[in-house]
Amino acid sequence: MDNNRRPVGKVKISLRGKVVAESGNDGSFSVNLPRAESRVAITFAAEGYVSNTRVYDSRADGMNTVVVWPIAYRVKFDPSRELDIELGSSRIHIPADALTGPGGKKISGFVGLQFTLFDITSPFQRAAASGDFSRQLPDGKIQRLNSYGIFDFGVRDLKEGPLSLRNGAKINLFIAVPSRLVEHAPRQVGFFNFDTLSGMWIPVGTFDFVPSTLTYNGHVTVLVVGAHNLDNDQDTTCVTVQVINFYDGSGVPFFFVSAQGLQYSSTGITDANGFVCLLVEKNATFTVTAQGSMGGNSWGTPHPSTFTSPNLVSGAGDCGDPIKCPFLGTVPVDFITGHLLTPLPF
Numbered sequence: 226m227d228n229n230r231r232p233v234g235k236v237k238i239s240l241r242g243k244v245v246a247e248s249g250n251d252g253s254f255s256v257n258l259p260r261a262e263s264r265v266a267i268t269f270a271a272e273g274y275v276s277n278t279r280v281y282d283s284r285a286d287g288m289n290t291v292v293v294w295p296i297a298y299r300v301k302f303d304p305s306r307e308l309d310i311e312l313g314s315s316r317i318h319i320p321a322d323a324l325t326g327p328g329g330k331k332i333s334g335f336v337g338l339q340f341t342l343f344d345i346t347s348p349f350q351r352a353a354a355s356g357d358f359s360r361q362l363p364d365g366k367i368q369r370l371n372s373y374g375i376f377d378f379g380v381r382d383l384k385e386g387p388l389s390l391r392n393g394a395k396i397n398l399f400i401a402v403p404s405r406l407v408e409h410a411p412r413q414v415g416f417f418n419f420d421t422l423s424g425m426w427i428p429v430g431t432f433d434f435v436p437s438t439l440t441y442n443g444h445v446t447v448l449v450v451g452a453h454n455l456d457n458d459q460d461t462t463c464v465t466v467q468v469i470n471f472y473d474g475s476g477v478p479f480f481f482v483s484a485q486g487l488q489y490s491s492t493g494i495t496d497a498n499g500f501v502c503l504l505v506e507k508n509a510t511f512t513v514t515a516q517g518s519m520g521g522n523s524w525g526t527p528h529p530s531t532f533t534s535p536n537l538v539s540g541a542g543d544c545g546d547p548i549k550c551p552f553l554g555t556v557p558v559d560f561i562t563g564h565l566l567t568p569l570p571f
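At position 247 of the sequence shown the residue is numbered 472 (my numbering), and the sequence of numbers has no breaks.
The reader is advised that the hints may include incorrect statements.
Computed list of lysine to any residue pairs in SDA-like fashion (alpha-carbon distance at most 25 Å, straight line) [stated by the list, open to error]:
1. 366 x 427
2. 395 x 364
3. 331 x 366
4. 301 x 273
5. 549 x 282
6. 235 x 349
7. 366 x 548
8. 507 x 471
9. 331 x 397
10. 301 x 283
11. 395 x 447
12. 243 x 229
13. 395 x 451
14. 243 x 449
15. 366 x 241
16. 395 x 329
17. 366 x 283
18. 507 x 410
19. 366 x 485
20. 243 x 308
21. 507 x 451
22. 243 x 387
23. 384 x 329
24. 384 x 368
25. 366 x 509
26. 366 x 546
27. 330 x 349
28. 507 x 364
29. 243 x 257
Hints in this document: simulated from the structure, not taken from any laboratory.
Could you build all of it, start to finish, from the sequences and the hints given here?
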């Protein structure tokens with residue numbers, strides 16, 4: 226669906242860099258996976274929209290709804306001249322002759338810039354942004370992230386040729402901070418590029434908060450087209466909830482569960498008794514939704530359940546520990562009626 230919750234057809238769906246399916250005119254799609262995996266990155270791309278890479282646990286049953294967001298800004302400009310442009314509350318500065326063509330050749334003609342900034346505090350816009358707020362540490366462990374802004378940015382040759390930045394050149398970025406995050410915005414955050422194959426955020430630098438403009442300011446010296454993220458590591462805690470049948474209170478297995486915080490989302494799959502461990506921000510309020518199939522029907526949460534996490538640091542390895550990963554409560558699911566088969570957290 227798009228930003229107006231309308232179905233989007235002809236969305237190309239890619240797995241491991243190869244197109245494997247396309248959505249119908251009603252927005253429906255299906256992807257056949259060769260095996261069940263706990264982490265599968267699938268990319269959804271359509272003309273005029275920002276590509277959205279979702280990370281799934283393919284062991285879960287049921288259906289999924291994917292949001293694709295229209296590209297917010299398209300700018301055509303002459304790269305031989307300086308570009309200093311405000312896009313909403315953000316700003317981009319590209320020096321004259323900073324861009325080069327293949328082999329460092331001078332560019333003839335115009336190039337195109339596109340930019341879309343998601344309001345990361347909106348669950349709806351957050352669902353349209355790539356990734357699942359995680360990065361992989363050098364030791365292989367996964368670190369959860371709190372985002373201060375995800376944006377899609379790229380500069381392309383209108384003749385479809387690749388572009389690069391000349392040696393010593395840089396593009397300055399001034400990214401607006403969501404109003405709900407300004408008061409407690411840290412002085413500095415990490416700057417990340419996105420890997421569509423793994424679904425992970427890759428750290429590449431830092432951006433600094435400027436109170437006078439309410440922006441995070443930084444620059445890039447390598448031109449990477451696609452999703453970028455401003456993040457800090459999250460103080461994570463492990464919590465347990467149980468997804469239950471609304472009618473008889475029994476636990477329901479293999480349901481996809483999503484936790485939504487102010488700056489992140491987190492997911493998991495229920496076990497045979499309906500229990501699931503979720504990694505969330507410590508000492509903070511979050512909501513939980515669930516969806517899956519049971520008895521040949523689609524089930525989901527009629528309304529999100531709200532919980533507050535404990536003020537302690539724990540991780541995925543603490544799942545099953547009643548002290549370090551405490552049980553917070555139940556999440557009832559009911560039949561889903563109407564055309565929309567997936568209960569959305571937005």
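How the hints compare with the structure:
no. : hint      : result
1   : 366 x 427 : holds (14 Å)
2   : 395 x 364 : violated (32 Å)
3   : 331 x 366 : violated (43 Å)
4   : 301 x 273 : holds (15 Å)
5   : 549 x 282 : holds (24 Å)
6   : 235 x 349 : holds (21 Å)
7   : 366 x 548 : holds (22 Å)
8   : 507 x 471 : violated (28 Å)
9   : 331 x 397 : holds (21 Å)
10  : 301 x 283 : violated (41 Å)
11  : 395 x 447 : holds (8 Å)
12  : 243 x 229 : violated (28 Å)
13  : 395 x 451 : holds (17 Å)
14  : 243 x 449 : holds (20 Å)
15  : 366 x 241 : holds (22 Å)
16  : 395 x 329 : holds (15 Å)
17  : 366 x 283 : holds (20 Å)
18  : 507 x 410 : holds (17 Å)
19  : 366 x 485 : holds (22 Å)
20  : 243 x 308 : violated (35 Å)
21  : 507 x 451 : violated (30 Å)
22  : 243 x 387 : holds (20 Å)
23  : 384 x 329 : holds (16 Å)
24  : 384 x 368 : violated (39 Å)
25  : 366 x 509 : holds (23 Å)
26  : 366 x 546 : holds (19 Å)
27  : 330 x 349 : violated (42 Å)
28  : 507 x 364 : holds (23 Å)
29  : 243 x 257 : holds (13 Å)
This entry does not satisfy hints 2, 3, 8, 10, 12, 20, 21, 24 and 27, going by the numbered hints stated previously.
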